[in-house]
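Number of protein chains: 4
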Amino acid sequence: MMIIMKAEATEAEIQAVVDRIESVGAKAHPSRGAEVCVIGAIGDREHVARLDLEAHAGVDSVVPILKPYKLASWQLAHERSTLQFAGRKVGGDHFTMIAGPCTVETRDQVLTTARIVRDAGGAFYRGGAYKPRTSPYAFQGLGQEGLRLLAEAKAETGLPIVTELMDARDLEPVLEVADVIQVGARNMQNYPLLAEIGRSNRPTLIKRGLTATLEELLMAAEYVLKEGNENVMLCERGIRTFETAYRFTLDLMAVPVLKELTHLPIIVDPSHAAGRRDLVGPLSLAAAAVGADGIIVEIHPEPDEAICDGPQALRADEFAAYAERVEQAAALAGKVVSAPA
Amino acid sequence: MMIIMKAEATEAEIQAVVDRIESVGAKAHPSRGAEVCVIGAIGDREHVARLDLEAHAGVDSVVPILKPYKLASWQLAHERSTLQFAGRKVGGDHFTMIAGPCTVETRDQVLTTARIVRDAGGAFYRGGAYKPRTSPYAFQGLGQEGLRLLAEAKAETGLPIVTELMDARDLEPVLEVADVIQVGARNMQNYPLLAEIGRSNRPTLIKRGLTATLEELLMAAEYVLKEGNENVMLCERGIRTFETAYRFTLDLMAVPVLKELTHLPIIVDPSHAAGRRDLVGPLSLAAAAVGADGIIVEIHPEPDEAICDGPQALRADEFAAYAERVEQAAALAGKVVSAPA
Amino acid sequence: MMIIMKAEATEAEIQAVVDRIESVGAKAHPSRGAEVCVIGAIGDREHVARLDLEAHAGVDSVVPILKPYKLASWQLAHERSTLQFAGRKVGGDHFTMIAGPCTVETRDQVLTTARIVRDAGGAFYRGGAYKPRTSPYAFQGLGQEGLRLLAEAKAETGLPIVTELMDARDLEPVLEVADVIQVGARNMQNYPLLAEIGRSNRPTLIKRGLTATLEELLMAAEYVLKEGNENVMLCERGIRTFETAYRFTLDLMAVPVLKELTHLPIIVDPSHAAGRRDLVGPLSLAAAAVGADGIIVEIHPEPDEAICDGPQALRADEFAAYAERVEQAAALAGKVVSAPA
Amino acid sequence: MMIIMKAEATEAEIQAVVDRIESVGAKAHPSRGAEVCVIGAIGDREHVARLDLEAHAGVDSVVPILKPYKLASWQLAHERSTLQFAGRKVGGDHFTMIAGPCTVETRDQVLTTARIVRDAGGAFYRGGAYKPRTSPYAFQGLGQEGLRLLAEAKAETGLPIVTELMDARDLEPVLEVADVIQVGARNMQNYPLLAEIGRSNRPTLIKRGLTATLEELLMAAEYVLKEGNENVMLCERGIRTFETAYRFTLDLMAVPVLKELTHLPIIVDPSHAAGRRDLVGPLSLAAAAVGADGIIVEIHPEPDEAICDGPQALRADEFAAYAERVEQAAALAGKVVSAPA
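Protein chains in written order, with this note's numbering: chain A, 405 to 745; chain B, 405 to 745; chain C, 405 to 745; chain D, 405 to 745.
Okay, chain A solo, but in the shape it has when bound:
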């Protein structure tokens, strides 16, 4: 950590900062320039982080040198991780297609869509049984009945299941069917939930919060990793900006930057960012071309009849053609499609 002192800081103020650093067992290295003094603090990361020196007299700013995440950092692996679970490989050179409806609605809808995903070579089937809804008056998902339908789709198609967990008290039933537990954007900083998923040791896909920095996303992953759960996927799904012409702004720059910061796979969700079907195709091509490790996309047999988020769902009967084009874009970025084992 570097502490940059104000130009007008006195010797006594500099010494007070040095003393404070050394009081927690770290070492302080002041270096006096012509205009300002900069103090390096070296020692145990957590001790130093706790110093909270920003408000000390004479301090201009505090610059962290080390990243606050460890297990998620690229330096840990020195290469991009290839996760293996449920007979699939995710990350590394692999490109993973995850598809299914936003919300589990009916047996027919779930089974029809799952067969389409399987036939088009999709790697995972997604569907929500618990739905975080902005309005308490909106449909909140089928809950355990929805989980049962997902289990049936898995039994029939062999596709591993991705489904969201919103409440740690629902962990047990979710574990019975989920091969991957999804953490929604609104829960990205729900730390008790993240720790519980970490302890469950079930693979997880963490969606970036609407306004989360990449560092905060990596810290969310760290909560899971710290419990010994290594199978963490990150998911960019659009951030909030001033633009009102679309629901969220898909931040594709996050993909190559995350690939430099972390070894974890990075999946892109074009459906929630866009909120409109016609944007999903172009954004998916772009996500694949920018180097994403996979796509999670919403499809529906009859989007106009969907209970939730119909306008953003691709038509299921167009999914195979869509998937083929996206995989061509992934190939341009050096990826191979992750074929089921």
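Fair warning: there could be bad hints in the mix.
Because identical chains cannot be distinguished in the list, a pair is counted as satisfied if it fits within a single copy or across any two copies.
[To be verified] The list that follows gives simulated cross-link-like pairs (lysine to any residue, SDA-like), each with its CA atoms no further than 25 angstroms apart: (1) K474 x A461; (2) K410 x H667; (3) K431 x S485; (4) K474 x R537; (5) K431 x E415; (6) K663 x L575; (7) K410 x E580; (8) K558 x P472; (9) K493 x V440; (10) K630 x H460; (11) K410 x V661; (12) K474 x A524; (13) K410 x T510; (14) K558 x E664; (15) K410 x D713; (16) K474 x Y650; (17) K431 x A411; (18) K410 x A481; (19) K493 x H667; (20) K410 x T486; (21) K663 x T538; (22) K630 x D713; (23) K474 x T414; (24) K493 x N605.
Rather than coming from a laboratory, the hints here were simulated on the basis of the structure.
In this text, all values refer to a predicted model and were calculated from it rather than measured experimentally.
Please arrange chains B, C and D on chain A, whose structure you already have, making use of the hints.
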């Protein structure tokens, strides 16, 4: 709801939208202008909201007419609510000072600070036993031991307690001491937690998420109100913007706008927005002058030794003078200081 | 324009709005729902826009129905425009590669880079003679001497030139060499400059302001189009968000959305958004895959020696391989590379 | 400047950075920690700034130590400046009220409003003759005829005039009437315009761009100061955020933070931020209470008939009462109202 059709929409597309609206039992009123057709949809709010017409062929945009919140809306009360609980009045003409340390650390710290808050005429004592921390390696709060210390402070000073609940599984012990349950910014859209607090019927203070719109904040309140819990306070604590010179941007414009949209009291937290002690004074004056119903502020007997967020804590021995100035600003906005019963 | 009245608006307030609308010669159509009244205002676009009804008693909000831009709107052309100038076609099915150094520095640098762009099949050569710099102490460009070097590059390679105009007083010398006048992001709302370029009738490329909405960008184009200048290209170059891990957030979602709103070609600048060379490749692939009509990219023979923005410049000797990959991505989006006439 | 190397940076990469720093005559001080190496670069500010080391192999990030502005910095003066011009004092302990219509419309409107401002003790009269409008079809101001009316108001009331300059080519006529030249938010980074105003030596008020950081605002001021013009006022007028319930988000936190960074006076414009008359009162109280050096506010004799921005204009006949309340809030922040000489 108004559906604005594209200029090039065909008659068949207009008719399809009309049919879709009427298929859920609502009424459609198309009105054809020289350049575009606008269709009004009138009917049960939830039915219409579920129409998801944005992706229908020929639709340019969909404009909601009714607010999605009901119990939180100003129209419900037609005046600003004065909440009464724990011997206090909050909202209406009252100005409420809530103060205490960020985190409960030691018995001495808690009791010392509580006495200072009481002596300066503060209305509530705040302190965190469960702390949401970005890093899994950071101090996570004293938990139940912290709650015990808060109970002791309450017994000694008579001050009602505001403390955060992060995990619905901790509700029971929190209910034993909390007069007001705080919902942190990162949990503003943790809907199971909000509903549980609603059912508990304990007063709550909901902090605005870092990037939550006012409408989303009011929908979070609606989750609590819907369960029959009427004692909901909203809290502005800074939003995330592009500016890097400070931690968050305190959005004081939210205060008068919320007062128009909702009857619920609006509290301002200048400490977390600023992250720096020297800004807390000016921002508190501004918050009171803009018409806030109260302030929630962090104080510490020895900020430089605080475990958490020390740099933003006011020095406890300066609290009485601070409170007096803030109350003068509140008086300018037409408020009277809420004296304990 | 629709005026949504508050639920508690009185008949007299509704009538006052109706009267105000009719006072400017427009027609008012109030429609009273069970909960609120909505008033449609129909008439000459500018008259109605000038009504400024937001602050009238009883008004909740005002929703524009018509887009404020006309000449830039998709409806004007009912197909995407293919611009033709300087022996090039831009827009429609064409993909246009524009490349060159950020800043004109030396004769050798300009000529070397121009030859590389020509040999790799680039369509235009870009280079800045006037540079908008945040700091008044930074290098501000070679000015007219820089324009002279660009003219030399054009004479030798036959490449048409894209160069920035910052000050209307420099229009004349810029017109002597520029085939396309670039308007920088910071000047996107410099209306006198835009109108002057409109009157000059020289093709222009307008960069989106750091925080400009798509509507504002289209209104900037409208300033040029209104003067009779039809050759306007729009350029997405990154917007400002809360993320600090990169300089700007490249908003690729703007590309398909703009293609729906306007007939004008949309170019993407990956260099300024990223600020780092290693991100330029992935972002360029993504921009081409999302359907951009072209790329404007910075290259430099020796980026480490560049006077300005060296870190984001591609190495000139890697440009041909880069261009080939980007064009493959453009082909995926259905584009053909715009070959010089 | 500190260069933070990546954990995996090699000795050769460290040495290359050291060599690059020393190649421009600066000194490099590498300090190797257990995990990373940090290199301090000390030397002439502009030389070092030009190094552009972010893209060098092995570099993680570059942290500037010195502020890029000099003449605007607090360190220059070591106290807050009190500017004196046109018989007024601005800054320091003084609170300055600037008021008038958004746009000059008619002789009657200008003279009526000017008398009201004078009678209520306002310090300056504001009014726009050149108006930056998003739409090329909107009223663009009366231009020179508007300047003439402002001159008449000045002659009658003795109030010094604040008016906007949009185009350097209009400098001469503006200088004939303006005591303070206003630079609008959209022109904050119009560097040729700023430099021209600097050379004119006329006092100026620079509005913060919609998305400008405080550092960029101070760099805009630096462009004026560098030409020897010391009378620069900064103006916060709302920034762009994700919130759609209001036009802009007034960033009052900028006021105390700017007071720490710069000696220049800071004025707040509540009218443009809010866009709605009913918010102007509360925001003005807050701006005064947070410590602003003044307010610039829009008033109109008949806001409903205003050509431009009527909804945000205070009614002129309520101005005196408004000004009195705002000055009470300013007094709370330790200010005295700046009485004309």
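Hints, verified against the model:
1. Only between protomers do K474 and A461 lie at most 25 angstroms apart by alpha-carbon distance; the minimum there is 22 angstroms, versus 31 angstroms within a single protomer.
2. Taking the closest pair of Cα atoms, K410 and H667 come within 25 angstroms of each other only across two copies (15 angstroms); inside a single copy the shortest separation is 38 angstroms, beyond that limit.
3. Taking identical chains as interchangeable, the C-alpha atoms of K431 and S485 are never at most 25 angstroms apart, the minima being 35 angstroms within one chain and 40 angstroms between chains.
4. Taking identical chains as interchangeable, the C-alpha atoms of K474 and R537 lie at most 25 angstroms apart only when they sit on different chains, with a minimum of 16 angstroms there against 33 angstroms within one chain.
5. Taking the shortest alpha-carbon separations for K431 and E415, both the intra-copy value of 18 angstroms and the inter-copy value of 24 angstroms come in at or below 25 angstroms.
6. For the homomeric pair K663 and L575, neither the shortest alpha-carbon distance inside one copy (30 angstroms) nor that between copies (40 angstroms) is at most 25 angstroms.
7. Taking the shortest alpha-carbon separations for K410 and E580, neither the intra-copy value of 57 angstroms nor the inter-copy value of 42 angstroms comes in at or below 25 angstroms.
8. When the C-alpha separation of K558 and P472 is checked against a cutoff of 25 angstroms, the pair qualifies neither within a copy, at 39 angstroms, nor between copies, at 37 angstroms.
9. Proximity of K493 and V440 under a CA criterion of 25 angstroms is satisfied in neither setting, with 52 angstroms inside one chain copy and 33 angstroms between copies.
10. Proximity of K630 to H460 under the C-alpha cut-off of 25 angstroms is found in neither arrangement, the shortest distances being 32 angstroms within a copy and 33 angstroms between copies.
11. Taking the shortest Cα distances, K410 and V661 sit within 25 angstroms of each other only across copies (14 angstroms), while inside one copy they are farther apart (32 angstroms).
12. Within a single copy, K474 and A524 get their C-alpha atoms no closer than 38 angstroms, and across copies no closer than 43 angstroms, so neither meets the 25 angstroms cut-off.
13. Taking the shortest Cα distances, K410 and T510 never come within 25 angstroms of each other, neither inside one copy (64 angstroms) nor across copies (33 angstroms).
14. Taking CA atoms no more than 25 angstroms apart as the test, K558 paired with E664 passes in neither setting, with 35 angstroms inside one copy and 39 angstroms between copies.
15. In this assembly of identical chains, K410 and D713 lie within 25 angstroms of each other by CA distance solely across copies; the values are 21 angstroms between and 52 angstroms within a copy.
16. For a Cα distance limit of 25 angstroms, the shortest separation of K474 from Y650 across copies, 21 angstroms, qualifies, whereas the shortest one inside one copy, 35 angstroms, does not.
17. Both within a single protomer and between protomers do K431 and A411 lie at most 25 angstroms apart by alpha-carbon distance, with minima of 22 angstroms and 19 angstroms respectively.
18. Only between protomers do K410 and A481 lie at most 25 angstroms apart by alpha-carbon distance; the minimum there is 14 angstroms, versus 39 angstroms within a single protomer.
19. Taking the shortest Cα distances, K493 and H667 sit within 25 angstroms of each other inside one copy (14 angstroms), while across copies they are farther apart (43 angstroms).
20. Proximity of K410 to T486 under the C-alpha cut-off of 25 angstroms is restricted to the inter-copy arrangement: shortest distance 23 angstroms between copies versus 46 angstroms within a copy.
21. Taking the shortest alpha-carbon separations for K663 and T538, only the inter-copy value of 21 angstroms comes in at or below 25 angstroms, while the best intra-copy value is 32 angstroms.
22. Taking CA atoms no more than 25 angstroms apart as the test, K630 paired with D713 passes between copies only; the shortest distance there is 24 angstroms, against 34 angstroms inside one copy.
23. In this assembly of identical chains, K474 and T414 lie within 25 angstroms of each other by CA distance solely across copies; the values are 20 angstroms between and 36 angstroms within a copy.
24. Proximity of K493 and N605 under a CA criterion of 25 angstroms is satisfied intra-copy only: 17 angstroms inside one chain copy versus 48 angstroms between copies.
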